[in-house]
Amino acid sequence: MNSPTLSEPRLRPQEQEFIDRLIVKYHGSPGMLLSLLEEIQESQPNKYLPMEVLEYLASRIDVPRAQIYSVATFYSLFNLKPQGEHTVCICRGTACHTRGSRSLLERLKLQLGFKEEDEEGSADKLSATTPDRRFTLRTVACFGQCALAPVVEVDHAILSHVNERTLEREIETLRKGSRKA
Amino acid sequence: MRIVDLSTFNAAREAGLAKLLPRKPRIAIGMGTCGSGNGAEGVYHAFSDAIDNLGLGFQLSRTGCFGFCAEEPLVNLWLPGKPLLIMRRVRQSMVPGILDDMAAGRVPSDRVLCKIEEWDHITAGMKYGAGFPEIPHWHEVPFFKGQKKIVLRNCGLISPDDIEEYIAVGGYQALYKVLIDGNPGAVIEQIKASKLRGRGGAGYQTGIKWEFLRKARADRKYVICNADEGDPGAYMNRNEIESDPHSLLEGMIIAGYVMEATQGIIYVRAEYPLAVHRLTLAIEQAKEYGLLGDNILGRGFHFDIQLVEGAGAFVCGEETALIRSLEGKAGRPTPRPPYPAEKGLWGYPTNINNVETWYNVAPIVIKGPAWFTETGSPKSPGTKVFSLVGKIRSTGLVEMPLGTPLKTFVYDIGEGGTEDRAIKAVQTGGPSGGCIPQEMFDTPVDYETLAQIGSIMGSGGMVVMDEDNCMVDVARYFVEFTHSESCGKCVPCRIGLDKALHILNRFTRGEATEGDLATLDELSRMIRDTSLCGLGQSAPNPVLTTIRHFRHEFEDHIRAGRCRAGVCEELALSPCENSCPLHMNIPRFLQLLKEDRLEEAFESVVIDNPLPASTGRVCQHPCDDRCRRKAIDESVNMREVHRHIADSIYFSDRFDALAAKVASRCMASTGKKVAIVGGGPTGISCAYYMTLLGHDVMVYDSNPEAGGMLRYALPEYRLPKAVLDRELELIRRVGVKFTFNTKIGDEISLNELDALYDAIFLSIGTWKESWVYLPGTELKGVMPALNFLEAVAKTEPVALGRRVIVIGGGNAAIDSARTALRMGSRVTIVYRRERKDMPAIPEETEAAEAEGAEIVFLATPHRIVGTGDGRVQAIEVVKTRPGEYDASGRRRPIPTDEIQRFDCDTVVLAVGETVDLDFARASGLKIKDDGTVEVDRYTLETSRGKFYAGGDLITGASNVSNAMGYGKKAARTIDQRLMGVRRWEDLFPEFEYSLTPPAHPSESGRHTVTELPAADRARSFREATVGLTEVEALEECSRCLRCDIRNGNH
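First to last, the sequence lines map onto chains G and D. FYI, our numbering numbers position 104 of the first sequence as 1031, with every residue one higher than the one before it. FYI, our numbering numbers position 492 of the second sequence as 1238, with every residue one higher than the one before it.
A hint or two may mislead.
Which bits of chain G does chain D cover? Going by a derived footprint, with three or more residues having C-beta under 8 Å, they are [what the hints assert, rightly or not]:
#, segment
1, 950–961
2, 993–999
3, 1003–1017
4, 1024–1033
5, 1071–1077
6, 1089–1098
Restraint-style ranges between C-beta atoms, simulated for each label pair [said to hold, decoys possible]:
#, chain 1, residue 1, chain 2, residue 2, range
7, D, Gly1093, G, Arg939, 37 to 47 Å
8, G, Thr1100, D, Gly1751, 20 to 30 Å
9, G, Asp1059, D, His1746, 20 to 30 Å
10, D, Gly1093, G, Asp1059, 12 to 22 Å
11, D, Gly1751, G, Asp1059, 32 to 42 Å
12, G, Asp1059, D, His791, 30 to 40 Å
13, G, Thr1100, D, Ser1516, 54 to 64 Å
14, D, Ser753, G, Arg939, 54 to 64 Å
15, D, Arg1638, G, Glu966, 37 to 47 Å
16, G, Thr1100, D, Asp1682, 50 to 60 Å
If you're looking for bench data, these hints aren't it; they were derived computationally from the structure. Remember, it's a predicted structure, so these values are computed and weren't measured experimentally. Heads up, the beta-carbon is just placed ideally off N, CA and C, and yes, glycines get one too.
Based on the sequences and whatever the hints tell you, model everything.
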């Protein structure tokens, strides 16, 4: 990742403080590590878990770094790379699949200009970000919105009964939209 | 308010009731995630603003989801003293009208789905009021008919954000009772006696599991709710939590008390933010009311519930993996024993149940186990919530008694398939379940029966698949899922699923062999038998059930390299090509014409389809259904474009040159002699390709001219003989020879053919009209449709009356009716099913009606009434009503007592054609029960060496393009058998044309043929339609989205 030698955590004091407060909040409760990682990731501007954060966390909760890394890589919710400005998440649930979500995914990959080597994970667990970090394209096992299939989530808003044209327009609107500061 | 005794409890209930049944009109918007995804937020705000602006003083609240997702957003309206009304598909624009109606005490005129006069919340009853006789009760709506809402008792009726409303409908009463009674053992006995089984999928007895934990001795015990609903296609848990979170909490608190646990954990999917939000709020409220935390209800019991958000790992549905996840580790399962009841979270005894299991606890406590076992089947009592989704009209959450047959879900509740597609299978149990074919829809849905047929109940996902879904792709899809969700701990799952996926990928690319199918089957059994946890053990189920029930689809992928559903992209050029029985390269001729290269477009068409002008007029055009352009506006009118191309050449001076060019493509003579029996579309197609392949081909036909049904059954106004003759001229110039007026069996025997030829292809079609046996068919004036059409085509005299009744709903019926109209008769068509069930091409039916034919649906002939001298005088028909769904996915017509009489002098029977059994029997070939000739599906070989058969002779009556597809396929296999090498591909020339897809879809809409005015065309046999103009044809070509081009590659 960023640097191979990270024995000294290099986080800004506010970040350290934020994490320390979370540790107090969840201390000793079941699912502590998941909850910590979820909240930390959400607090990051690029919605990912930088390596130095994981290092810092390990040193504070006395959990081996290997275990934290194991957890962070096991669950699909966690990102180890910075995410794009917009996240488009295509549901690959069964109902969506039977109603054509694979072709939506293929279409969108073309539109966003992804090539095979940009992608992480297998076809149904995809997470890829455009080089300009405008878009992250992901898939999810199922949103549980099966009656609205096929479903695509764009920046946390669910679009229902999506077809290639509506999705294309949605992306174009985002692309033309002004970049966040 | 803290509840400590009965009076505080009652105070909370009264407060809740005042909100549910206020003294003023009440409006509640269904705001589950589904509702919100369909615009419920906007509707809520529209109501809120309008109520404020108008100063109406109505009560407005949010509720959960009543389950009918296809009709969201749902809105509940209630006027004091009246039934609760449920409105469907409410839009913001409708809000002012609804408020007007309510203020005036009226029912809105539109979009009222149903009413509820009283509701059984199980834990309490609720009376809304009576009235509105014109509105159906909720259980009279097909979607709700037969549903029994125990788990979903409160969903969509109370606010999930308000504990007082929950208490008002009997909530926390079971907890109160359990704590007052103070007899935990008795509660466990109740649960055991109810035989409640875990609703997460495995179906283990809940009471027994609870007893284990109760008996476990430890200073700390955990009770966990598994709300990590990860099954793709299942979302009942999400809705349950979003709509009624307190029922879950109550079930867990009761369980905590009886099992002596003090800590509850709900492990919920992070992908369900609204469920997390509502649960968090519910937990806070329960604490505030003294129902959770310290000294619950003042009885000294302490219990906490904590929420943990899962992080997206399907394997965490496995209980040991979920526990590891809570311990801050990767979610990898561990072997059992030790079971969680002995050693669970951090080594302490732990009980885990699925969300829905917890929802059954309070009802059992209140109503008792005997009440619970009244519903469902003996071994699987109670109800189960299913998410009925996929290719079905009415989607949503359905709670049915266990043991309900699958077909009730699909056809009654779900109301059948979408867009008139035939339903093929239902997938139950998600990635751990299997696919159940349509023939087995009588299967009762319970734990045992589903397991017997290789599937599982799972958490309740029910995904309906239709003919557009490829079952090999479905198997691959699930293995792709479990493969990527495998935790990687045990070898069979990690490596086995990887290998299985590799093999399945070979199938979808058309590279698989018979050996692959055997390996896949064996590998799947091995993974099932040797994996560590439920994920691996059940992951092969989708593969094993599809191999068991849909083996022919796997074989299609292996032997024919075809995916009939058109899903496996690598096996098809484009969806249109895949659906075309002749597999025409449709994008190619569209593009060639678009590039203004008419002659090449013609060559492209005619090398794929020897009768492009005829099929351009009469084909059933399956390509239309598959065209991707439909997602934008309407399909490209491909059939009419090739009609245009063919007509432009056939009737121009370029015909001779192009016919010569096609003929020049004939390969060098092979010296092989081939006989083709039957000169209809099937035989002509086979003869054309066999001649091009260099064989010496002779076509025998009993008629004096070629064309078969095209000439003798299709009326002139649909297919002018001049067009057919031009097409046959090209066939002749290629070198096909004909022997007419020769009937096989009479003039020449099969044995003689055997002696004279190297191969014989039988394609005699179905010329025998099926006969209905009813009184009066012997009367003068009753005639079979084919005989009638043939006589007209041959310009023989026909004694047609002035008043004609046609019985049937296929193309022959419509052709007969339109022909009779043109002969000056009045025509009524009688069809036993509904309009949408008619096999005839819809445009033809519409044209017949426009020309003056009447159609009587849902009626079947009863008897034909004759005059004294034996002539038809009238027909009596029995009205039918749509009954159960049959194997064709259509409702079986059930006769009623109502009889209708039509005066008439002619009755044309067009109830279907069959193979001439005399011929089939005399041939000595193996015949199937339905009278068709038995052949190998892939090679079309009959039981007799050298003899092949195709078309209607092997399928029963079908249509022109299907028949031609068999002729083409026969040519390929016969040639390969005769020559011992594969030469087929050499027949097809390369064309150079643009392979760049359009940057933007063309703006043009679909063009259709121009119909002559109905009044004019009904008096003449002149062709009833005029084809596309050149400009229109070009615009159609531009509308193609070029599905044949993928990733810039061809």
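Hint check:
Residues of the segment 950–961 of chain G lying with their CB closer than 8 Å to a CB of chain D number 6, which satisfies the three-residue condition for coverage. Residues of the segment 993–999 of chain G lying with their CB closer than 8 Å to a CB of chain D number 3, which satisfies the three-residue condition for coverage. For the segment 1003–1017 of chain G, the assignment as covered by chain D holds, since 3 residues bring a beta-carbon within under 8 Å of that chain's beta-carbons and 3 suffice. Residues of the segment 1024–1033 of chain G lying with their CB closer than 8 Å to a CB of chain D number 3, which satisfies the three-residue condition for coverage.
Against chain D, the segment 1071–1077 of chain G contributes 6 residues with a C-beta closer than 8 Å to a partner C-beta. That satisfies the three-residue criterion, and the hint holds. Remark: the segment 1089–1098 of chain G is confirmed as covered by chain D, as 3 of its residues place a Cβ nearer than 8 Å to a Cβ of that chain, reaching the required three. The hint said 37 to 47 Å for the Cβ distance between Gly1093/D and Arg939/G, and at roughly 39 Å that hint holds. In this structure the supplied range 20 to 30 Å holds for Thr1100/G paired with Gly1751/D, their Cβ-Cβ distance being about 25 Å.
Separation of Asp1059/G from His1746/D is about 23 Å and conforms to the stated range, judged on CB atoms against 20 to 30 Å. Here the CB-CB span from Gly1093/D to Asp1059/G is close to 50 Å, at odds with the stated 12 to 22 Å. The beta-carbon spacing between Gly1751/D and Asp1059/G, approximately 37 Å, falls within the hinted interval of 32 to 42 Å. Taking 30 to 40 Å as the suggested C-beta distance range, the pair Asp1059/G and His791/D conforms, at roughly 36 Å.
A beta carbon spacing of about 58 Å between Thr1100/G and Ser1516/D agrees with the range 54 to 64 Å that was offered as a hint. A C-beta distance of roughly 56 Å is found between Ser753/D and Arg939/G, which places it inside the suggested range of 54 to 64 Å. One distance hint, 37 to 47 Å for the beta-carbon pair Arg1638/D and Glu966/G, is violated here, with the actual separation near 59 Å. With their beta carbons about 55 Å apart, Thr1100/G and Asp1682/D fall inside the hinted range of 50 to 60 Å.
Of the numbered hints stated above, those contradicted by the structure are hints 10 and 15, listed in ascending order.
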